[in-house]
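J.: Chain by chain, the residues:
Number of protein chains: 2
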Amino acid sequence: MHPKLKLYFEERSQISEERLNTLAPYFKERTYRKNEYLLREGEVCKHNYFVVSGCMRLFSVNKEGVENTRYFAFEGKFGTCFTSLISRQPAFESIQCVEESTILSIHRDDFYQLVETEPAVNAIYRKILESAYITTQKRIYDFQGSDSLQRVKWLMAHQPTILSRLSNKIIASYLGITPYTLSRIKAKL
Amino acid sequence: MHPKLKLYFEERSQISEERLNTLAPYFKERTYRKNEYLLREGEVCKHNYFVVSGCMRLFSVNKEGVENTRYFAFEGKFGTCFTSLISRQPAFESIQCVEESTILSIHRDDFYQLVETEPAVNAIYRKILESAYITTQKRIYDFQGSDSLQRVKWLMAHQPTILSRLSNKIIASYLGITPYTLSRIKAKL
DNA sequence: ATTAAACGTTGCCCTATGTCAATGATCCGA
DNA sequence: TCGGATCATTGACATAGGGCAACGTTTAAT
Chain G
4 MHPKLKLYFE
14 ERSQISEERL
24 NTLAPYFKER
34 TYRKNEYLLR
44 EGEVCKHNYF
54 VVSGCMRLFS
64 VNKEGVENTR
74 YFAFEGKFGT
84 CFTSLISRQP
94 AFESIQCVEE
104 STILSIHRDD
114 FYQLVETEPA
124 VNAIYRKILE
134 SAYITTQKRI
144 YDFQGSDSLQ
154 RVKWLMAHQP
164 TILSRLSNKI
174 IASYLGITPY
184 TLSRIKAKL
Chain W
4 MHPKLKLYFE
14 ERSQISEERL
24 NTLAPYFKER
34 TYRKNEYLLR
44 EGEVCKHNYF
54 VVSGCMRLFS
64 VNKEGVENTR
74 YFAFEGKFGT
84 CFTSLISRQP
94 AFESIQCVEE
104 STILSIHRDD
114 FYQLVETEPA
124 VNAIYRKILE
134 SAYITTQKRI
144 YDFQGSDSLQ
154 RVKWLMAHQP
164 TILSRLSNKI
174 IASYLGITPY
184 TLSRIKAKL
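Line by line, the protein sequences are chains G and W. If you use my numbering, the first sequence closes out at 192, no skipped numbers anywhere. If you use my numbering, the second sequence closes out at 192, no skipped numbers anywhere.
No wet-lab data here; the hints were simulated from the structure. There's no promise every hint is true.
One copy or any two copies: either way a pair holds, since identical chains are not told apart in the list.
Said to hold, decoys possible - Below, computed lysine to any residue pairings styled on SDA-like, alpha-carbon distance capped at 20 Å:
| id | residue 1 | residue 2 |
| --- | --- | --- |
| 1 | Lys130 | Gln116 |
| 2 | Lys130 | Phe12 |
| 3 | Lys130 | Lys172 |
| 4 | Lys80 | Leu132 |
| 5 | Lys156 | Glu20 |
| 6 | Lys7 | Leu88 |
| 7 | Lys37 | Lys189 |
| 8 | Lys141 | Gln92 |
Here the structure is a predicted model, which is why all the values come from computation and not from measurement.
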């Protein structure tokens, strides 16, 4: 098994080396170029993805062509379009690499089969959902009660990798403001 | 078991009458008055709650005393402060009934014990998390890309019960705008 | 190495929303 | 039933952020 995925499982679950080795074959490794898509809007999502190196984002595009980014997955994180993965309906969001990335993917059938049959994977899936849900709850509060300056300051303090590794345009789309506004806010700091 | 909870479990899982009856004793029923708290900020959350009738909300209060409401649980829904329940840390949000409500509660130790030992509860917990996570994802996109008028219109179309059963003040706190702005927007419709 | 495309910054103007105050309506406690 | 508290609405004004244009910088393709 890839060392980073192995570490991920070991940190989150009491799982034996032997069991890990039975899981390894389900994960396929692939390298994506910057801006390459893993999923396009309208497709049915069929994989869960683990980022070994690089970064991918989940975003949607509205009728006016404006992008909104919901989530970044840096190294050591899982990410996928859960809405489509679970419902098997066409996705309303896309998955794209924002820099060259090495990604491990597991097919949804294999993944949910393991969730049902392998207690360690079941526990880890619950932790993924719990953690993701808690994170998005906090972002809801952030959108409700903070202005743009406060949000930028929060990123600087808590998620500096976003500011250092991603473009202004993409960061602005994550914060829900325009790149022009983000430029102005950065000038004020 | 309470008929509404029984219906909830039966709709979401193949579970026998017999198994349901073993689950029933874990749930305690209580009626709360309007504005009564189930959890106050700073307390550690120890229960998961199911709404039989009425409505409860989860909200936080910032330093200026402004309330932001993250989630409403109407009849037939589970709700709790997952961040505190999972981490056993003091909650940064509160749970309050917004009208007189009948609530079933289950202690977190019992709940997670059942998640570990009862496959139907494990599956249902996953569905709760999946559904909650997907819903909050959509709200993230909503906050990023819609203005206040669009959000009010969306509520009218998709969640009219919120508009008909709750006060303007509470609705505004859910939408992330002030009650004055909500009044103006309603006047424009 | 060069050129085109994309990104970032800044200026100016407009709109949406917040803030505060005043007034009317509704709810709740005695 | 009545009076106080709370909520809702509206007016006037202030501020944050959006929209658009222009220009400079950086990136990517050839």
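J.: Please go over all the hints and tell whether each is borne out by the structure.
T.: Results for each hint:
1. Lys130 / Gln116: Both. Shortest intra-copy (17 Å) and inter-copy (15 Å) distances satisfy the 20 Å Cα cut-off.
2. Lys130 / Phe12: within (11 Å within a copy, 22 Å between copies)
3. Lys130 / Lys172: neither (31 Å within a copy, 35 Å between copies)
4. Lys80 / Leu132: both (12 Å within a copy, 18 Å between copies)
5. Lys156 / Glu20: neither (42 Å within a copy, 54 Å between copies)
6. Lys7 / Leu88: Neither way: Lys7 and Leu88 sit 24 Å apart in one copy and 29 Å across, limit 20 Å.
7. Lys37 / Lys189: neither (25 Å within a copy, 45 Å between copies)
8. Lys141 / Gln92: For Lys141 and Gln92, the Cα distance is within 20 Å only across copies (15 Å; inside one copy 27 Å).
When each numbered hint is compared with the structure, violations occur for hints 3, 5, 6 and 7.
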